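Chemist: Sequence:
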Amino acid sequence: MTGRTALEIRLDSPTLIAAGPPSSNLVDTLTFIPGNTLRGVLAWRYIDEGGDASSPEFKRLFLGDKLSFGFAFKDGAQAIPLSARTCKYYGGFRADGGHGVMDLLASNGELRCEYEDTPCSKPLDYCNGFYDPMRFREVGVTRRLVTRTAISRARGSADHGRLYTQRVMEEGQRFVGRIYGDEDLVAKIRKLVGDGFEVRIGKGVSRGMGWARVSMAGEAAWAWPPAGAKERFEAFKEKFGRPVLAVTLLCDALFTDDYLRDRTSLTIKDLEPLGIKVSDWKEAPANVFAATRRVFGFDGEPIGLPRTPKTALAAGSVFLFEAEKGVDNPCIPDGDGVGFIGEGRLEGYGRAMLWHPFHVEAEREDVAEGLPGRDLDSILAERAGDLYALGFGPSRISSSQMAALAERIRRAKDLEEAEENICSFIDNQLGKLRKGAERTGKKGSWLLEGRRRRESLGDLFKDYVVKEKRYRRGLCAGGAEGLDLLRRFWRKFHNRYRIEASFKEPVPMDCCKEEE
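Numbering (my numbering), first residue to last: 1 to 516.
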């Protein structure tokens, strides 16, 4: 019987999991936790609890072929498929303040931004990174640079001229990794983790880096995908007008040819482990969006030597296969259509999905009807947080400016007057600030640029609240109800500002109690 479980790894200190050898004086980190690291963490736990590394149970758990340790991604996110594109000037998911993300798998030519609220038509650019497939929001891994001086072994002090830099993942981030295999072994993994334990991972552990806490993840880790492979196949067939087979890599994948050379493309035979009937599909893909990544590492005991670097297909790579002539109803596997292909499966490589929903779903709007179990206040709080994250805060906008804008919203008799008050106030302030910038060469307040968009904070606020009306999309049409909605949105936005000003540091939106 096949079982599965999910683990949560919370970083309690800066963590460096080297992506490869140093480049000049920089050591870069991966932005995920590899399956091999997860396996090593659990093997260490087994021995630390008094287990014997030479026992048959240890070999079944960590050296056999009955368990696969998947990669751990931040908050359980996924790599954005490489067929994704976004607006070159206002990029990103709509929930993050951008013009949205498009998919080119079914496209036959150059496309431009199709943002419908305000005609854009700007060229598209690549969209990389990770995202939450349930909410269509970007999930960014926070990193920072740490610079240190090497220590002289002879003198025990700083070695002159030997400065090096490490790019590390910041503490406080949460990663979710999944384990698949025989139910009896999965049950032993759950028992081994228990209530959780502390561990050190990555490089620099002797200098306080790499501290993490491992615990069991909740059932939310298995909430996606929402539909089975057969339902997704029908959605693809309707979109493309013919039966097609789309394969999206959820993790890096390793393949070799008959001469043991690294291979960077798929053939239909590679998909047999996913239940695909090879004779139904053409051997070579008809469309490909792919990238590669060099994979490094070390062999465990007793060898302990560096592995030969390999070239892997990067997570997010997409391959589209067409059906053989005359095949209108190919054999579709039961289940969710997710599994492992290629080599290195026990270390998490090769996790792939058939007919990924990303390629056929329009980017979902974060509306009340589409968010079961969520009330209006939680939706408005989240949208206020989206706008606030673009760069608003006490260090950029003064409290007197926020109070003046609040008073104009409060005095309005209807939604139209409130929107006019907002625009006239911000336009007036921007005019004054531009004149001051011409004299001094310095920008400030509403004239400062947003963090993820090049517009000024004033223009960003007007676009979000007045022009695009993103805060109330799908919630109401306007009128008195619209004015009440604007005021509720503003209170949540303003409360976040006031609490951050009081605590002198960013505060999560769910800590911001609304004040009337």
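It should be emphasised that the hints constitute simulated quantities derived from the structure, not laboratory data.
This one's a predicted model, so the numbers in the text were calculated from it and none came from an experiment.
Incorrect hints may have been included.
Calculated lysine-lysine pairs in the DSS-like style (CA-CA distance at most 30 angstroms, straight line) [stated by the list, open to error]:
#, residue 1, residue 2
1, K88, K59
2, K188, K239
3, K191, K269
4, K203, K325
5, K59, K239
6, K66, K269
7, K239, K66
8, K239, K88
9, K325, K88
10, K413, K88
11, K66, K310
12, K66, K237
13, K230, K282
14, K230, K88
15, K432, K469
16, K442, K432
17, K282, K239
18, K413, K443
19, K413, K467
20, K325, K413
21, K467, K122
22, K239, K203
23, K188, K66
24, K282, K59
25, K413, K66
26, K469, K443
27, K310, K325
28, K442, K413
29, K467, K443
30, K237, K277
31, K310, K282
32, K269, K203
33, K237, K59
Chemist: For every hint, state whether the structure bears it out.
Modeler: Quick rundown of the hints versus the structure:
1. At roughly 51 angstroms between alpha-carbon atoms, K88 and K59 are farther apart than 30 angstroms, so this suggested pair is violated.
2. Taking the CA atoms of K188 and K239, the gap is about 44 angstroms. The hint is violated against a cut of 30 angstroms.
3. Restraint check for K191 and K269: not satisfied, since their Cα atoms lie roughly 38 angstroms apart, outside the 30 angstroms limit.
4. Annotation: proposed proximity of K203 to K325 is violated, straight-line Cα distance about 53 angstroms (limit 30 angstroms).
5. Taking the CA atoms of K59 and K239, the gap is near 47 angstroms; set against the 30 angstroms cutoff, the hint is violated.
6. For the suggested pair K66 and K269, the alpha carbons sit about 23 angstroms apart, so the restraint of at most 30 angstroms is met.
7. Straight-line distance between C-alpha atoms of K239 and K66 comes to about 38 angstroms, which puts the hinted pair past the 30 angstroms bound.
8. For the suggested pair K239 and K88, the alpha carbons sit about 26 angstroms apart, so the restraint of at most 30 angstroms is met.
9. As the CA atoms of K325 and K88 are separated by approximately 39 angstroms, the hinted pair breaks the 30 angstroms bound.
10. With a CA separation close to 39 angstroms, the supplied pair K413 and K88 exceeds the 30 angstroms bound.
11. For the hint linking K66 to K310, the alpha-carbon distance of about 24 angstroms falls within 30 angstroms, and the restraint holds.
12. In summary, the hint linking K66 to K237 is not supported, as the alpha carbons are separated by about 35 angstroms, beyond the 30 angstroms threshold.
13. Distance check on the hinted pair: K230 and K282 sit about 19 angstroms apart at the alpha-carbon level, within 30 angstroms; holds.
14. Between the alpha carbons of K230 and K88 the distance comes to roughly 35 angstroms, so the proposed pair goes past 30 angstroms and is violated.
15. A C-alpha spacing of about 26 angstroms is found between K432 and K469, which places the hinted pair at or below 30 angstroms, so the restraint holds.
16. Taken as a hint, the K442 and K432 pair is honoured in the structure, with Cα atoms around 13 angstroms apart against an allowance of 30 angstroms.
17. For the hint pairing K282 with K239, the CA-to-CA distance comes to about 20 angstroms; that is within 30 angstroms, so the pair holds.
18. For the proposed pair K413 and K443, the alpha carbon gap of about 34 angstroms is over 30 angstroms, so the pair is violated.
19. A hinted pair counts as satisfied when its Cα atoms are at most 30 angstroms apart, and K413 with K467 qualifies at roughly 19 angstroms.
20. The straight-line distance between the Cα atoms of K325 and K413 is roughly 66 angstroms, outside the 30 angstroms bound, and the hint therefore fails.
21. Annotation: proposed proximity of K467 to K122 holds, straight-line Cα distance about 18 angstroms (limit 30 angstroms).
22. For the given pair, K239 sits about 47 angstroms from K203 by alpha-carbon distance, which is inconsistent with the 30 angstroms threshold.
23. A C-alpha spacing of about 13 angstroms is found between K188 and K66, which places the hinted pair at or below 30 angstroms, so the restraint holds.
24. About 40 angstroms separates the Cα atoms of K282 and K59, which puts this hinted pair outside 30 angstroms; it is violated.
25. Restraint check for K413 and K66: the C-alpha separation of about 67 angstroms exceeds 30 angstroms, so the hint is violated.
26. Using a Cα cut-off of 30 angstroms, the hinted pair K469 and K443 holds, with the two alpha carbons roughly 27 angstroms apart.
27. Of the pairs offered as hints, the one joining K310 and K325 is violated, with about 36 angstroms between alpha carbons and a cut-off of 30 angstroms exceeded.
28. Between K442 and K413 the alpha-carbon distance is near 37 angstroms, which puts this suggested pair outside the 30 angstroms criterion.
29. Among the hinted pairs, K467 with K443 is consistent with the structure: their alpha-carbon atoms are about 24 angstroms apart, no more than 30 angstroms.
30. Under the criterion of a C-alpha separation no larger than 30 angstroms, the hint pairing K237 with K277 is consistent with the structure, at around 17 angstroms.
31. Proposed proximity of K310 and K282 is supported: the alpha carbons are some 28 angstroms apart, at most 30 angstroms.
32. Using a Cα cut-off of 30 angstroms, the hinted pair K269 and K203 is violated, with the two alpha carbons roughly 38 angstroms apart.
33. Restraint check: the Cα-Cα separation between K237 and K59 comes to about 45 angstroms, which exceeds 30 angstroms; the hinted pair is violated.
In the structure shown, a violation is registered for the earlier hints numbered 1, 2, 3, 4, 5, 7, 9, 10, 12, 14, 18, 20, 22, 24, 25, 27, 28, 32 and 33, in ascending order.
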